[in-house]
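Let's have the full structure, built from the sequences with the hints guiding it.
For reference, the chains in residue letters:
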Amino acid sequence: AQSVTQPDIHITVSEGASLELRCNYSYGATPYLFWYVQSPGQGLQLLLKYFSGDTLVQGIKGFEAEFKRSQSSFNLRKPSVHWSDAAEYFCAVGAGRDTSGTYKYIFGTGTRLKVLA
Amino acid sequence: DTGVSQNPRHKITKRGQNVTFRCDPISEHNRLYWYRQTLGQGPEFLTYFQNEAQLEKSRLLSDRFSAERPKGSFSTLEIQRTEQGDSAMYLCASSKTGSTEAFFGQGTRLTVV
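Same order as they appear, the protein sequences are chains A and B.
Quick note on numbering: this note's numbering labels position 75 of the first sequence as 89, and the sequence is numbered without any gaps.
Quick note on numbering: this note's numbering labels position 25 of the second sequence as 960, and the sequence is numbered without any gaps.
By construction, these hints were calculated from the structure, which means they are not laboratory data.
There could be a bad hint or two in this list.
[To be verified] Each computed EDC-like pair below joins lysine to aspartate or glutamate, with the alpha-carbon atoms no more than 20 Å apart:
#1 K1006(B) - E987(B)
#2 K63(A) - E979(B)
#3 K82(A) - E34(A)
#4 K946(B) - E1013(B)
#5 K128(A) - E102(A)
#6 K63(A) - E1036(B)
#7 K946(B) - E1018(B)
#8 K75(A) - E1036(B)
#9 K1031(B) - E963(B)
[To be verified] Interface residues of chain B toward chain A, partial, derived using beta-carbon atoms under 8 Å:
#10 L974
#11 G975
#12 F1039
#13 G1042
[To be verified] Pulled from the structure, derived: some chain A residues nowhere near chain B, Cβ distances all over 12 Å:
#14 A31
#15 D68
#16 N89
#17 D99
Beta carbons are placed, not taken as given, at the ideal position from N, Cα and C, and that holds for glycine.
Next up, the structure:
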């Protein structure tokens, strides 16, 4: 079955510290993988995505993620966290695809990030 | 481009009442999606439209739920005879055909009392 697991419900880091959010997926074919961020009262914003090619992908706001097929993982990283990064982060796999693109995403349960000043 | 717009932002209703939400996608986006997000969970796929055609519906979308996109522009999601279990955030998203990136609205938070 297709699924996404985010094992960490909450993570707290100090401002300026590095960050890694874990994501594991289960998908039969080559996955399309995404990271979204959701701030309170806001919709989901795409941080980055992976389809193929270079397994290290760069996104907005200084985030990057690395696809590791052998570990079925797509962890999100940032070298130095800013207070404005406090939000909820969702990993997703593109589970429904047709010739016109991806139309269905399966999301993980999210990781809530708290940043200490 | 003003983004995906959802109305209302909040809705409180009594159990058994009907509610309707509206989603205005980004113009020229011919794909439109509805997701539901409950507390502590990630968004769950409900349904999606390619123009005015509803192409897939999740098993989560019971008979009390109906979605329409009559002219291939805005969409409505109606819940009939609401139940407390329907309390959730309902998210709408849109994308262009061929794109893998969906743009999400801010959601409609439904509370059934």
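The hints, checked one at a time:
1. K1006(B) - E987(B): holds, 6 Å
2. K63(A) - E979(B): holds, 19 Å
3. K82(A) - E34(A): With Cα atoms ~14 Å apart, K82(A) and E34(A) stay inside 20 Å; holds.
4. K946(B) - E1013(B): Measuring from Cα to Cα gives roughly 13 Å; hence the hint holds.
5. K128(A) - E102(A): holds, 9 Å
6. K63(A) - E1036(B): Distance ~9 Å between K63(A) and E1036(B) Cα, so the pair holds.
7. K946(B) - E1018(B): Measuring from Cα to Cα gives roughly 14 Å; hence the hint holds.
8. K75(A) - E1036(B): holds, 17 Å
9. K1031(B) - E963(B): Holds, because 7 Å separates the two Cα atoms, which is no more than 20 Å.
10. L974: Hint violated; L974(B) Cβ to chain A Cβ min 11 Å, cut 8 Å.
11. G975: Constraint on G975(B) satisfied, holds at 7 Å.
12. F1039: holds, 4 Å
13. G1042: holds, 6 Å
14. A31: holds, 25 Å
15. D68: Answer for D68(A): holds, closest chain B Cβ roughly 16 Å.
16. N89: At about 17 Å from chain B, N89(A) clears the 12 Å cut-off, so the statement holds.
17. D99: Given a closest Cβ separation of 19 Å, the condition holds.
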